[in-house]
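Heads up: the sequence lines are chains E and G, in that order. Per full-length UniProt numbering, the first sequence starts with residue 1, numbered consecutively. Per full-length UniProt numbering, the second sequence starts with residue 1, numbered consecutively.
There may be inaccurate statements among the hints.
[Said to hold, decoys possible] Distance windows between CB atoms, simulated:
(1) G:Met411 to E:Gly92: 43 to 49 Å
(2) G:Glu224 to E:Asp91: 41 to 47 Å
(3) E:Asp320 to G:Leu470: 32 to 38 Å
(4) E:Gly92 to G:Asn190: 50 to 56 Å
[Said to hold, decoys possible] Which stretches of chain G does chain E cover? Using the computed rule of at least three CB atoms under 8 Å from a CB of chain E, they are:
(5) 15-22
(6) 91-97
(7) 188-198
(8) 391-399
Just so you know, these hints were derived from the structure itself, not from any lab. In this text, a Cβ means the ideal position worked out from N, Cα and C, and glycines have one as well.
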Amino acid sequence: MSNSIRATAALAAVLASAPILSSATSPAMAWEPTKPVEIVVAAGAGGASDQMARMMQAAIQKNNLMKAPVVVSLKGGASGAEALIYMKSSDGDANKVLIAYSLIYMLPLSAKIPFNWRDLTPVSVVAMDQFVLWDNAGGAKTVKEFIAAAKAASSPFKMGGTGSKREDHVLTVFMEKQTGAKFSYLPYKSGGEAATQLVGNHTEANVNNPSENLEVWRAGQVRALCVFDKERISYKTKVTETQSWNDIPTCKEEGLDVQYLMLRAMFLPGKVTPEQQAFYVDLFEKVTKTAEYKDYMEKQALKPIFLKGPEMLKFLEEDDALNKSLMTEAGFVAK
Amino acid sequence: MEAFGLLMHGFAVLMTWKIISLMVVGLVLGIFVGVLPGLGGPNGVAILLPLTFTMDPTSAIVMLSCIYWGALFGGAITSILFNIPGEAWSVATTFDGYPMAQQGKAAEALTAAFTSSFIGSLVAVMLITFLAPMISSFALKFGPPEFFAVYLLTFCSFVGLGREAKHKTVISMALGLLIAGIGMDTVSGNLRMTFGSDNLLRGINFLVAVIGLFGISEILLTMEERLALRGHAAKISLRTVLKVWMDLPKYWVTLLRSSVIGCWLGITPGGAIAASFMGYNLAKRFSKDPESFGKGRIEGVFAPETAAHASGTAALLPMLALGIPGSGTAAILLGGLMVWGLNPGPLLFVEHKDFVWGLIASMYLGNVVGLVIVLTTVPVFASILRVPFAAVAPMIVVSCAIGAYAIQNAMFDIWLMLGFGVVGYIFKKIGIPLAPFTLALVLGSRAEDAFRLAMIGSGGSVGVFWSNGLVGTITTLAITLLFWPLIDRAFTAVARMWRPTPVTT
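Bound conformation, chain E alone:
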């Protein structure tokens, strides 16, 4: 319930529609939004999607990439399903753009939400997000010790995460399958809550995105055990006093062969014109070239990527198939 209190987009749009100076250099476009553009976030305030949407809002407005103002509209109700249904029911409205992540594959499977990403208009994939295995600063120091502790625990060994039958939960199940250890998965409402609960020692570990645990990591309250990717994160600037993102080993290096990357992609509602689609493809391509975007990628340890057109469709189909097989194997597909 508490999740479903959401900012009102139209009202916000009206109030936010302060005139914006048009840039003299912007090329003549076939179509351009005249009304405020709404970035629809399928998660709660302060989560990774929300932060990214606000970065884009700032990048677009500071660099005058578009004349119409941008508003961020939080539709995280029903674990993000609210946003999906909202997009689905906005056919032809090119003033709404969804910032999507793996929920577009998973929610229709786990909760039988009547939604298919193929009904929306794909714009571009703008980044890939990492997952890291974190434990409390007072806990195990390596993955091996951690797994051993989980196996030896007499009471339930608690793994915090966001949502049920979603990416965090899937990762937990695959860790169990790999190691034979048992975890009790505690689904919290947001990554922020999962982070706080880990700091307070109410859970033993979590698999948050880097951005969700960044602050508590910098405060020295949690330890990064390994990253669920084929290779280490490339950023070598020190984030904490002693470590950079690059210093975190991959889980495979540590003997835990589980990998998962999550897309961050933009979608328009269905039935928009090719001109409208082209405008947004161009807009977000420009966004990925701004200093704001580059800075954000590094700070939050995301993988920069830009896919559009047939390339993006191919990626989405493969990613969908992969997520479907993971969900099926984890036993999370609703019958």
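Please arrange chain G on chain E, whose structure you already have, making use of the hints.
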């Protein structure tokens, strides 16, 4: 003196023209809302909440809390001048306020009401100032069992300490819990009670429910009762104000007693309504001349107003520090905090110092500014009541509809709000209290999640609610409060001593 430094920091945050003007706007809107019957503090805040979504959180909470202070002040105006309590918590103010107005002492009564409101909130704000930093160090001790224990405490104290019939409170709360279950269940990731409807997917928004339950139902009741408005003219001169203030020290015991009652009932969810009655009744009991109460005694205005304001203010402390609202309005402010991306709870004091201390500083400032505004604008607000009800009612209904629609831009929510209006009307007719319903709607799914997470974490053992000193104490206290009426009766029977007469309405 850490609190003092932080408070000064808070004042620094507030000292911008933008915030000061928002404060004045909020106070004036609040007084307006408080004066109009049918638009109470919770409704006013609920309807105006969406307006603040685009503001930064500090400006937004300052404006909303000022609406709240304004409503607290405004409620007294109609009680004294027209014998119509604009708010449920000003009912007790009518007992002596209206007789005073009839005797031509309206100005004294109004001054007394405003001044004592001011004193009540001041005491409560000071309490918040010095307790709040201690609460934030609790921050990280709260896991799922602790959260559940606190929710349980809130629910139990509503049942055990509420003035309404116990079974009716339980009925109301159970219905609220049922409605709160609609939508996505976070723990299992499944949908519940949505019956295939996309509109029900996101659950029932409690603001939509609150606007209907309180606003629409009150309009329905007022229409039925054919409310006629007749009022006394009022004008306050500086001399009257000073005369009342000179007499204040004589009533210090009453003021202190009411402040303490108010703070206590504000922090535990007894609320301003209970506090005002308790304040009045105790003042009467301890008076040397109880017979003169109800016939225009100034103490009879001081007592309930101080208590109501102290309680209304103190209710914000548990809301900020624990995420648990002490009153209906605090519950709506809680929803607001979440919209602005602030998670109320112990960490709020650590992570958003500007916000918290700005708010606390705004309580001091808002009350001073509010006192000045009400003292100077009484004649203006009194004239509102000469506008025929037929003209005011449609305006209220329209503002309710806009408020409900604006929360999620959904037409469905307007129908839902009207539906809840009818439910509220029926509840009021059959005497089922609305507050437990609202409370369950706000906290229901959080309490459920906390309980289920605690169960997953403990492997299904209920013993987790007594697993450490903190959670054990809260759980035990909750259960004690639930059975408080029985325990109280048992004690009284054993002791056969003086027993407090029940609070009467």
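Here is what the structure says about each hint:
1. Our hint of 43 to 49 Å for Met411 (chain G) and Gly92 (chain E) is violated, since their Cβ atoms are close to 18 Å apart.
2. At roughly 45 Å, the beta carbons of Glu224 (chain G) and Asp91 (chain E) sit within the given window of 41 to 47 Å.
3. For Asp320 (chain E) and Leu470 (chain G), the hinted distance range of 32 to 38 Å is not satisfied, since their beta carbons lie about 46 Å from each other.
4. The supplied range of 50 to 56 Å is broken by Gly92 (chain E) and Asn190 (chain G), whose beta-carbon atoms lie about 32 Å from each other.
5. Against chain E, the stretch 15-22 of chain G contributes 0 residues with a C-beta closer than 8 Å to a partner C-beta. That does not satisfy the three-residue criterion, and the hint is violated.
6. Counting residues of the stretch 91-97 of chain G whose CB falls under 8 Å from any CB of chain E gives 0; the rule of at least 3 is not met.
7. Here's how the stretch 188-198 of chain G fares: 5 of its residues keep a CB closer than 8 Å to some CB of chain E, so the rule of at least three is met and the hint holds.
8. Counting residues of the stretch 391-399 of chain G whose CB lies closer than 8 Å to any CB of chain E gives 0, so the stated coverage by that chain is violated, three being the minimum.
Consistency with the previously given hints fails for numbers 1, 3, 4, 5, 6 and 8, ordered from lowest to highest.
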